[in-house]
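Visitor: Given these sequences and hints, build the entire structure.
Protein chains: 2
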Amino acid sequence: MTENLENQSQDDLESHLAQVQTLLAKMRLVEELVHRQGGPRQDLVENLVHKQNLAELQRKLDELHPADVAYILETLPLDERLLVWDLVKAERDGEILVEVSDSVRESLIQSMDKAELLAAAESLDTDEIADIAPDLPHDVIQELLYTLDTQKRARLQSTLAYPEDTVGALMDYEMVTIRADVTLEVALRYLRRLGELPDQLDKLFVVDRDDELIGVLPLKRLLTSDPDASVAAVMVEDFVKFAPEDEAHEAAQAFERYDLVMAPVVDAAGTLIGRLTIDAVVDYIRESADFDMLSMAGLKEEDLFSTVWRAAKNRWMWLAINLATAFVASRVIGAFEGSIEKLAALAALMPIIAGIGGNSGNQTITLIIRGLALGHITQANARRLVVKEIGVATLNGLVWGSAVGVFAWLLYDNPALGGVMALAMLLNLLVAALAGIFIPLTLERVKRDPAIGSSVLLTFITDSMGFFIFLGLATLLLL
Amino acid sequence: MTENLENQSQDDLESHLAQVQTLLAKMRLVEELVHRQGGPRQDLVENLVHKQNLAELQRKLDELHPADVAYILETLPLDERLLVWDLVKAERDGEILVEVSDSVRESLIQSMDKAELLAAAESLDTDEIADIAPDLPHDVIQELLYTLDTQKRARLQSTLAYPEDTVGALMDYEMVTIRADVTLEVALRYLRRLGELPDQLDKLFVVDRDDELIGVLPLKRLLTSDPDASVAAVMVEDFVKFAPEDEAHEAAQAFERYDLVMAPVVDAAGTLIGRLTIDAVVDYIRESADFDMLSMAGLKEEDLFSTVWRAAKNRWMWLAINLATAFVASRVIGAFEGSIEKLAALAALMPIIAGIGGNSGNQTITLIIRGLALGHITQANARRLVVKEIGVATLNGLVWGSAVGVFAWLLYDNPALGGVMALAMLLNLLVAALAGIFIPLTLERVKRDPAIGSSVLLTFITDSMGFFIFLGLATLLLL
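Heads up: the protein sequence lines correspond to chains U and A, in order.
So in the numbering used here, spot 436 of the first sequence is number 436, and the numbers just go up one at a time.
So the numbering used here is basically just the index in the second sequence, starting at one, shifted up by 1000.
Hints in this document: simulated from the structure, not taken from any laboratory.
Honestly, I wouldn't trust all of these hints.
The list that follows gives simulated cross-link-like pairs (lysine to aspartate or glutamate, EDC-like), each with its CA atoms no further than 16 Å apart [as the list claims (entries may be wrong)]: (1) U:K114 <-> U:D135; (2) U:K300 <-> U:D449; (3) U:K89 <-> U:D135; (4) A:K1342 <-> U:E341; (5) A:K1060 <-> A:E1014; (6) U:K220 <-> A:D1199; (7) A:K1220 <-> U:E196; (8) A:K1342 <-> U:E337; (9) A:K1051 <-> A:E1074; (10) U:K220 <-> A:E1174; (11) A:K1089 <-> A:E1122; (12) U:K152 <-> U:E196; (13) U:K152 <-> U:E128; (14) U:K342 <-> A:E1341; (15) A:K1089 <-> A:E1116; (16) U:K152 <-> U:E122; (17) U:K152 <-> U:E174; (18) A:K1220 <-> U:D199; (19) U:K220 <-> A:E1196; (20) A:K1300 <-> A:E1106; (21) U:K89 <-> U:E63; (22) U:K26 <-> U:D79; (23) A:K1220 <-> U:E174; (24) U:K342 <-> A:E1337; (25) U:K114 <-> U:E91; (26) A:K1089 <-> A:E1056; (27) A:K1152 <-> A:E1122; (28) U:K51 <-> U:D86; (29) A:K1051 <-> A:D1086; (30) U:K300 <-> U:E287.
Not close to chain U: a few residues of chain A, all C-beta gaps over 12 Å, as computed [to be verified]: (31) I1109; (32) S1111; (33) S1123; (34) D1139; (35) E1143; (36) D1149; (37) T1183; (38) L1423; (39) L1434.
For each residue, glycine too, the CB sits at the ideal point set by N, CA and C.
Guide: In structure tokens, the structure reads:
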């Protein structure tokens, strides 16, 4: 995959994008002129210019690496994206579909008919077909399964059968196997006969007659050892391997930890069934970081230029949940309306207590979610974490509680109000610390992703409790 | 680096961790007994048991891969972490220091004397020394530079001179170069003579007499081509390369896009100076995702078990900033205390307007920060984004504004209050959308990381403006 990469760098990519955008702008201009003027002669001239522009754009696209075309498609609004997509050579459709994000892929697939989709899918490897399969219409998948040969069909079906976040869903089948009893010389001749090797291949898999994996032969050993030595003598028997059911995020951590480029995937009987490569792992790491970031704001993957209607729908669930919790917090305040009528300063001060509780709880929750993701939090150390966070909350409560207490005292010339403010701040920071620890730990225990929904639950607690503690204390002590 | 990895998987890692924790628990028990009982005879027995436990723990640690020891150190509270660290063989200190997180490394380095630190650093490659250098005392670095040979010293100094987020800071020097005019047969013999090849090596670099990089020879081509062919005939001249000044995040995107395992780093004159490998890139991707996640909550890297005092200090800046903005929002409410005294329902309803504005703005800001990080937002498409987000905010404002309006109307039996609520919601969602776009775009334009500080600025605006719009409208229209 080193085609079309001459002296490639990000700057070049940006300049490609700028050129495509200039060409598109030119075409828009021409279209506008055609619409404004009219008359048969002008039409002809404009048409000619338009065709020249199209041809130039197409030439430009043909030069680019599929991943770069994908990048350009991501940055374009829907109308221009489809125009560019039409200009891409049909035989490149498949590899570009693999590279774009889910939401952009959806928009491209919607513009293609069944024959085009089938042709695009057929140009891909099974693991790549599996990547785009969730976005393909059901009848296309059915027909595709029908056209594939037996081995490919079986592989596609089994890849599709593994849950999304497992090694089985990420693995591919492009591996080179060898027997232990041959010499390296024979192995080298065998590779030369193959003529081409898969990408990201840094080792051969050594299997016995039953396809059971008994070792790996790193290419660097193959290259540096005596050619007369046997594979068995040079191979490594101490290696990282995965089962297809293993969780993808744990495999990703192993790739990071042991600096792997590829690793074999074996079934329970030890039979080699596929391989996991670093490029699939990197894509997974990026996508799951992306997913977490979007999830924390209550978003599913959203194309930058999706329609207003789709974008609004994408955000509704989150806003509705937040609205519901805000209503509850509002009713907590409503219960103290009598107190607020008597001392309106309470209304001005209460958001400070709620807000800082939310910020502080969010810091705790972020550390806990990260600790869980890295596997650093265990039964054995959870109790010490609670002690630490309570300590931090107490310290912060004393320091910042005093600060806001003095502020309220001076502002309203009311020392008792200052005292209530300080005490409420301390208590709400303690609530925030406990919520910040127990919300993600509980979600994790019930096998839910703690990155999703933790913060909305936390804000709900710190808001409602913040209002309740502050207004309650004020009602008891001041009125 | 495949040592100690026999049939390694996450499950094994967790069982290693459990074993270490069990041993530590045993030792704590013994210590407690010694403290409680006393008397010379018991002491002797306990001491013996203690020594046996220590020896068993040490054996266990010796078996583990450095990355696994690092993982275990991360999960342990400070006292046990230092106990385990003492048991690790001195010659492994260096490689383990490279693997742990910054804050854990700091705690380990504090427990080591100068001689130990020097010995640990000397066992590492230059790029690894550069990784841990920020945490080493100044005099250790000085002495280290003195003890290194000329080439290593020059490399370390130049690596340290590159800013943290550049390719120069991530690259290493472990590459294999070859001339274009030799045959593949000669290249193969040369590799065999080298005896060992660096990790993550998937290509040789082809250089001329002046060390100028003229091509790359992928190992897979070397392995599959005719041995009598010349390197020049087989090498690839179309390849991705980087300059040491290139930004690391752009290099990481290129690695993802083109599925690279390693790439050459060349200076402006085209001279080969180093290489960038996928393991360094993966570490960078993970660390920067981590950094972004922590930054969004106003945290610097924090060790799960740092002391209460350090943890509190780590969080103060953020709480102070949030407190300052909360004070300003509080003064906005303060300006309307007269209105609130007349109609206490305003106090109960106003957090809804502010809160939903914050949630909605956060969704916009998340999409924009992500678009900027992926390079999907350009001059040419920014205007269309504004139009889309304004559209989404208007639609959401009409839908959810009506919902909260009806809610307020029914709850307080006051249709005018409902109307004000609906209008305020619509206006604050528009404010949130504009703030959600322009805050990150402005930070990006002034070359600051939009992930840091965006959300606090946004909340400040949606809170203050939410209170101002709602209370202002209510004062004008209801009172």
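Visitor: Taking the hints in turn, state whether each one holds.
Guide: Hints, one by one, checked against the model:
Taken as a hint, the K114 (chain U) and D135 (chain U) pair is honoured in the structure, with Cα atoms around 13 Å apart against an allowance of 16 Å. Distance check on the hinted pair: K300 (chain U) and D449 (chain U) sit about 14 Å apart at the alpha-carbon level, within 16 Å; holds. Our distance criterion of 16 Å between C-alpha atoms is broken by K89 (chain U) and D135 (chain U), whose separation comes to about 21 Å. Between the alpha carbons of K1342 (chain A) and E341 (chain U) the distance comes to roughly 7 Å, so the proposed pair stays at or under 16 Å and holds.
Of the supplied pair hints, the one linking K1060 (chain A) and E1014 (chain A) holds, its CA atoms being roughly 13 Å apart against a limit of 16 Å. Note on K220 (chain U) and D1199 (chain A): the hinted pairing holds, with a Cα-Cα distance of about 8 Å set against a maximum of 16 Å. Among the hinted pairs, K1220 (chain A) with E196 (chain U) is consistent with the structure: their alpha-carbon atoms are about 7 Å apart, no more than 16 Å. For the proposed pair K1342 (chain A) and E337 (chain U), the alpha carbon gap of about 11 Å is at most 16 Å, so the pair holds.
With a C-alpha separation of about 24 Å, the suggested pair K1051 (chain A) and E1074 (chain A) falls outside the 16 Å cut-off, and the hint is violated. Distance hint between K220 (chain U) and E1174 (chain A) is fulfilled; the C-alpha atoms sit about 14 Å from each other, no more than 16 Å. For a cut-off of 16 Å, the pair hint linking K1089 (chain A) to E1122 (chain A) stands: about 15 Å separates their Cα positions. Our distance criterion of 16 Å between C-alpha atoms is broken by K152 (chain U) and E196 (chain U), whose separation comes to about 20 Å.
Of the supplied pair hints, the one linking K152 (chain U) and E128 (chain U) holds, its CA atoms being roughly 12 Å apart against a limit of 16 Å. In summary, the hint linking K342 (chain U) to E1341 (chain A) is supported, as the alpha carbons are separated by about 7 Å, within the 16 Å threshold. With a CA separation close to 11 Å, the supplied pair K1089 (chain A) and E1116 (chain A) stays within the 16 Å bound. Note on K152 (chain U) and E122 (chain U): the hinted pairing holds, with a Cα-Cα distance of about 11 Å set against a maximum of 16 Å.
Restraint check: the Cα-Cα separation between K152 (chain U) and E174 (chain U) comes to about 12 Å, which is no more than 16 Å; the hinted pair holds. About 8 Å separates the Cα atoms of K1220 (chain A) and D199 (chain U), which keeps this hinted pair within 16 Å; it holds. A C-alpha spacing of about 7 Å is found between K220 (chain U) and E1196 (chain A), which places the hinted pair at or below 16 Å, so the restraint holds. The hinted pair formed by K1300 (chain A) and E1106 (chain A) meets the criterion: a straight-line CA distance of about 14 Å does not exceed 16 Å.
The hinted pair formed by K89 (chain U) and E63 (chain U) meets the criterion: a straight-line CA distance of about 11 Å does not exceed 16 Å. Taking the CA atoms of K26 (chain U) and D79 (chain U), the gap is about 15 Å. The hint holds against a cut of 16 Å. Distance restraint check for K1220 (chain A) and E174 (chain U): the Cα-Cα separation of roughly 14 Å lies within the 16 Å cut-off, and the hinted pair is therefore satisfied. For a cut-off of 16 Å, the pair hint linking K342 (chain U) to E1337 (chain A) stands: about 11 Å separates their Cα positions.
Restraint check for K114 (chain U) and E91 (chain U): satisfied, since their Cα atoms lie roughly 15 Å apart, inside the 16 Å limit. Pair hint K1089 (chain A) plus E1056 (chain A) holds up; C-alpha atoms about 14 Å apart against a cutoff of 16 Å. About 11 Å separates the Cα atoms of K1152 (chain A) and E1122 (chain A), which keeps this hinted pair within 16 Å; it holds. Among the hinted pairs, K51 (chain U) with D86 (chain U) is consistent with the structure: their alpha-carbon atoms are about 14 Å apart, no more than 16 Å.
For the given pair, K1051 (chain A) sits about 14 Å from D1086 (chain A) by alpha-carbon distance, which is consistent with the 16 Å threshold. Taking the CA atoms of K300 (chain U) and E287 (chain U), the gap is about 12 Å. The hint holds against a cut of 16 Å. The beta carbon of I1109 (chain A) is kept farther than 12 Å from every beta carbon of chain U, the shortest such distance being approximately 19 Å. Even its closest Cβ contact with chain U, about 19 Å, leaves S1111 (chain A) beyond 12 Å, as expected for a residue assigned away from the interface.
Chain U leaves S1123 (chain A) outside its interface by the beta-carbon criterion, the shortest separation being 17 Å against a cut-off of 12 Å. Against the 12 Å criterion, D1139 (chain A) stays outside the reach of chain U, whose nearest CB is about 31 Å from its own CB. For E1143 (chain A), the non-interface assignment is confirmed: its Cβ lies about 29 Å from the closest Cβ of chain U, beyond the 12 Å cut-off. For D1149 (chain A), the condition that its CB be more than 12 Å from all CB atoms of chain U holds, with the nearest at approximately 25 Å.
Here T1183 (chain A) stays apart from chain U, with its beta-carbon at least about 14 Å from theirs, past the 12 Å limit. Distance check on L1423 (chain A): its Cβ is at least 17 Å (rounded) from any Cβ of chain U, clearing the 12 Å threshold; non-interface status holds. With a least CB separation of 15 Å from chain U, L1434 (chain A) remains clear of the 12 Å interface cut-off, as annotated.
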